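Chemist: Work out the full structure: start from the sequences and follow the hints.
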Amino acid sequence: MRYDRPRFLDQGEAALTVEFGDAVDAELNALVLALDGAFLQEGLQGVRETTPTYRSLLVHYEPLEMSRQALIGWIEQRLPVIASEAKQSRAAVAGASRNDGGVWVIPCCYDPEIAEDIKEAGSILGLSPSSLAEAHAAADYRAFMYGFAPGWCYLGGLPEALAIPRRLAPRGLTPEGAVLIGGGLSLVATNPMPTGWYIIGRTPERLFSLTREPPFLIAPGEALRFEPIDAETFAALDARAAKGEILARREERA
Amino acid sequence: MSARLHICAAGPGVTVQDAGRFGYSRYGVTPAGPMDEAAFLTATRAVGAAAAIEISLGGVTLETEGASLAVAIAGGAFDIRLDQQKLPSACLIPLTPGARLTIRAGVSGAWCYVAVGARFDLPLALGSLSTHARSGIGPKPLAAGDALRFLGVAPAPDGAQAIEAPWLARDDAPIRVMLGPQDDYFTPKAIEALLSAEWRVGARSDRMAYALEGPQLTHSRGHDIVSDGAAIGAIQIPGSGAPFVLMADRQPTGGYPKIATVIGADLGRLAQLRPGETLRFTKVGWAEAVAARAALKNKLAAGAVLTPLAAEVSTEKLLAVNLIGGVVSGRE
Numbered sequence: 001m002r003y004d005r006p007r008f009l010d011q012g013e014a015a016l017t018v019e020f021g022d023a024v025d026a027e028l029n030a031l032v033l034a035l036d037g038a039f040l041q042e043g044l045q046g047v048r049e050t051t052p053t054y055r056s057l058l059v060h061y062e063p064l065e066m067s068r069q070a071l072i073g074w075i076e077q078r079l080p081v082i083a084s085e086a087k088q089s090r091a092a093v094a095g096a097s098r099n100d101g102g103v104w105v106i107p108c109c110y111d112p113e114i115a116e117d118i119k120e121a122g123s124i125l126g127l128s129p130s131s132l133a134e135a136h137a138a139a140d141y142r143a144f145m146y147g148f149a150p151g152w153c154y155l156g157g158l159p160e161a162l163a164i165p166r167r168l169a170p171r172g173l174t175p176e177g178a179v180l181i182g183g184g185l186s187l188v189a190t191n192p193m194p195t196g197w198y199i200i201g202r203t204p205e206r207l208f209s210l211t212r213e214p215p216f217l218i219a220p221g222e223a224l225r226f227e228p229i230d231a232e233t234f235a236a237l238d239a240r241a242a243k244g245e246i247l248a249r250r251e252e253r254a
Numbered sequence: 001m002s003a004r005l006h007i008c009a010a011g012p013g014v015t016v017q018d019a020g021r022f023g024y025s026r027y028g029v030t031p032a033g034p035m036d037e038a039a040f041l042t043a044t045r046a047v048g049a050a051a052a053i054e055i056s057l058g059g060v061t062l063e064t065e066g067a068s069l070a071v072a073i074a075g076g077a078f079d080i081r082l083d084q085q086k087l088p089s090a091c092l093i094p095l096t097p098g099a100r101l102t103i104r105a106g107v108s109g110a111w112c113y114v115a116v117g118a119r120f121d122l123p124l125a126l127g128s129l130s131t132h133a134r135s136g137i138g139p140k141p142l143a144a145g146d147a148l149r150f151l152g153v154a155p156a157p158d159g160a161q162a163i164e165a166p167w168l169a170r171d172d173a174p175i176r177v178m179l180g181p182q183d184d185y186f187t188p189k190a191i192e193a194l195l196s197a198e199w200r201v202g203a204r205s206d207r208m209a210y211a212l213e214g215p216q217l218t219h220s221r222g223h224d225i226v227s228d229g230a231a232i233g234a235i236q237i238p239g240s241g242a243p244f245v246l247m248a249d250r251q252p253t254g255g256y257p258k259i260a261t262v263i264g265a266d267l268g269r270l271a272q273l274r275p276g277e278t279l280r281f282t283k284v285g286w287a288e289a290v291a292a293r294a295a296l297k298n299k300l301a302a303g304a305v306l307t308p309l310a311a312e313v314s315t316e317k318l319l320a321v322n323l324i325g326g327v328v329s330g331r332e
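Residue numbers (the UniProt record's numbering), protein chains in the order written: chain A, 1 to 254; chain B, 1 to 332.
Quick caveat, the hints were computed from the structure, so don't treat them as lab data.
Warning: the hint list may mix true and false statements.
[Unchecked claim] Here are some chain A residues pointing at chain B (derived, C-beta under 10 Å): (1) R7; (2) A14; (3) R55; (4) R68; (5) Y146; (6) G147; (7) P150; (8) W152; (9) T190.
Please read these numbers as outputs of a predicted model, since none were measured by experiment.
Every residue gets a Cβ at the ideal spot worked out from N, C-alpha and C, and that includes glycine.
Modeler: Written out as C-alpha cells, the structure reads:
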C-alpha cells in the first residue's frame with residue numbers, strides 16, 4: 001500500500017525514515033528514488049547520506065547541524081515535485097542518477113551445471129529449467145535497492161509465474177554473480193552469502209568490484225534485462241570480467 | 001619520515017578503523033567505523049590522527065621499528081603495559097624501537113583504540129580506511145606477524161602521560177533509547193518489557209550486532225517488514241523475540257521490525273559492555289537525545305587533560321600490579 005502522505009519515523013536522533021508505503025511496488029519505489037535524487041542533487045548541509053529501499057528513504061543526518069523539523073520541512077516542500085518526477089520516471093523507468101531511459105543488458109548463464117538451483121526451483125514452480133530461464137530472460141527488471149551485502153541488487157519485475165516462496169532454511173554461500181529468485185523478486189548478488197533464495201543463473205558481470213572504476217555498475221532505479229549465454233561463453237566472459245572489463249551494455253529501451 | 005609498527009601478537013578482532021565509510025549504503029556497503037566513537041576520538045585527537053587500531057578483548061602486542069612513535073591509547077579499562085611499566089587505561093606514550101606495548105583485557109570494557117601520530121600507509125577503500133571484515137572491504141584484520149607502515153611521523157613525546165577523559169569512565173546508568181521506527185509492530189506489553197527488564201549481552205555479540213538475552217518480546221503484526229534502512233543503534237526483533245542491537249558493522253537495510261534505537265551518546269557505553277554483562281534501557285525523546293549528543297560533543301571538543309607520569313616505576317607500584325594473572329584470552 002502507498003500512503004497519501006509519507007510517514008516520518010525516527011531511528012534515534014540522527015536518522016529519519018521517510019516511509020512512502022509498506023509494499024514492494026514500482027510506483028512506491030519511484031517516489032523513494034525521486035526524494036533520494038533531491039538529496040543527491042541539492043547536497044543538503046547536515047545530511048550525511050541517504051539509504052533508499054523499496055518503500056522508504058533513510059536519511060542519516062547530524063542533528064546538531066539540522067533539526068528534525070527543518071529536515072521534515074525541507075522534504076515536505078519537495079513532495080509535489082517528487083510526485084511528478086516519480087510519475088515521469090515510472091514511464092521511463094529512469095534512474096536517480098542516470099536519466100537516458102536506457103536499459104542495462106546483463107549476460108546470464110542458466111545452464112543447470114552453473115545455475116545450481118534451477119532444477120529445484122523449476123520443479124517447485126512446475127516449469128522445466130529451460131522455460132524458467134526463458135521467462136526470466138524475457139522480463140524487464142528495475143533495480144529497486146541494494147541491501148544485505150555490497151552489490152546485492154534487488155530487482156522488481158519478476159513474472160508472476162516465477163514467484164517462489166523463500167526456502168524454509170537458508171542454502172549455503174552463493175557463488176559470485178549469482179542470479180536468484182525468491183519472495184516474488186529477483187536479485188543479482190556479488191559478495192557470497194548464505195540465502196533463502198534460489199540460484200537460477202549466474203552472470204560473469206561484477207556488479208561491484210573495488211578494483212574497477214566505477215566500483216558499482218548499476219544505480220537504484222535503473223532498468224535491466226538478462227541476456228542468456230551458454231556455459232562456454234560464461235567461462236570466457238568470466239575471465240574477461242576478472243581482468244576488470246565491464247561486460248554489460250546500455251541499450252535503448254524498445 | 002616513515003616508521004613500522006609490528007604486530008607481535010593479536011587476538012581476534014584487531015582492525016583498522018577511521019570515522020567510517022559513508023555514502024555507499026545505497027549499494028549495500030556498511031559504514032563500519034569505531035565501536036566506541038568517543039574513545040576513538042579521544043585517542044586520535046591526542047595525536048592528530050584520522051584512524052586508529054581497534055582492539056577487542058583478545059588484546060595485542062606491538063613494537064616499532066625505524067622511528068619512535070607518539071602513541072595514544074583510550075577505550076575501556078584495559079590492562080596496558082610498556083615493557084614492565086603498567087600504564088593508565090588512557091595514555092599518551094613515546095613508543096621507542098625495541099620497546100614492547102602490550103594491551104590486554106582489563107577489569108572492564110570491550111574495545112580499546114591505539115592511535116599513532118602519523119598516517120597509515122594503506123590504500124583507501126571507497127574513501128575510508130575502516131575494515132569491514134564480512135565484506136572484505138578495507139584493510140584485513142590484523143594478525144601476529146603483520147607490520148603497519150606509517151608516513152609523516154610526528155615527534156614522539158618525551159615521556160608517558162595519562163589522558164584524563166572522564167567521559168570514558170564506566171557508567172552503569174540505563175542506556176537511553178528512542179522508540180521506533182516500528183514500535184507499532186509490538187504489543188504495549190513488549191514495549192514495557194523492553195524498558196523494564198534487565199538485559200544480558202549475549203555471547204553471539206560482535207561488531208555487527210549485540211545480541212540481548214531477557215524476556216521474549218512479542219510482535220503484534222508479525223516479524224516481517226518490507227526491507228527498510230537500518231541505522232546504528234536500531235534494536236531489531238526477529239521472530240524469536242530476542243532483540244539485537246545493530247552496531248558499526250550492521251547491514252545497511254533489514255527486514256525485521258525495529259522496536260527502538262539507542263541514542264548516539266550512549267552507543268559507546270553499550271559497545272563497551274562485555275558478553276555476560278547486564279544493562280537496562282530507558283526511553284527519551286528527540287530533544288533529550290540531541291542534548292546528550294551535544295553534551296558529549298562539547299566534552300570531547302574541550303579535550304582531555306594530559307598529566308605526566310613518573311618514568312621510574314617504584315617497587316611499590318610493581319608490587320601493586322598483578323604480574324601473574326590476566327593471561328591473554330585470545331588465540332595467540
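Chemist: Each of the hints needs a verdict: does it hold here or not?
Modeler: Results for each hint:
1. Interface hint at R7(A): satisfied, since its Cβ lies 9 Å from the closest Cβ of chain B, which is below the 10 Å cut-off.
2. Given hint, A14(A) at the interface with chain B, holds; its Cβ is 5 Å from that chain's nearest Cβ, closer than 10 Å.
3. Annotation: R55(A) was flagged as interfacial toward chain B, and the flag holds, the nearest CB pair being 5 Å apart, inside 10 Å.
4. Annotation: interface hint on R68(A) holds; nearest CB of chain B at approximately 6 Å, less than 10 Å.
5. Of the supplied interface hints, the one on Y146(A) holds, with its beta-carbon coming within about 4 Å of a beta-carbon of chain B, less than 10 Å.
6. A distance limit of 10 Å between C-beta atoms decides the matter here; for G147(A) the minimum to chain B is near 4 Å, and the interface restraint holds.
7. Taking 10 Å as the C-beta cut-off, the interface hint given for P150(A) holds, the closest approach to chain B being about 5 Å.
8. The restraint placing W152(A) at the interface with chain B holds, with a minimum CB-CB distance near 5 Å, inside the 10 Å limit.
9. For T190(A), the suggested interface contact is upheld, since its CB lies about 8 Å from the closest CB of chain B, less than 10 Å.
In this structure, every one of the numbered hints holds.
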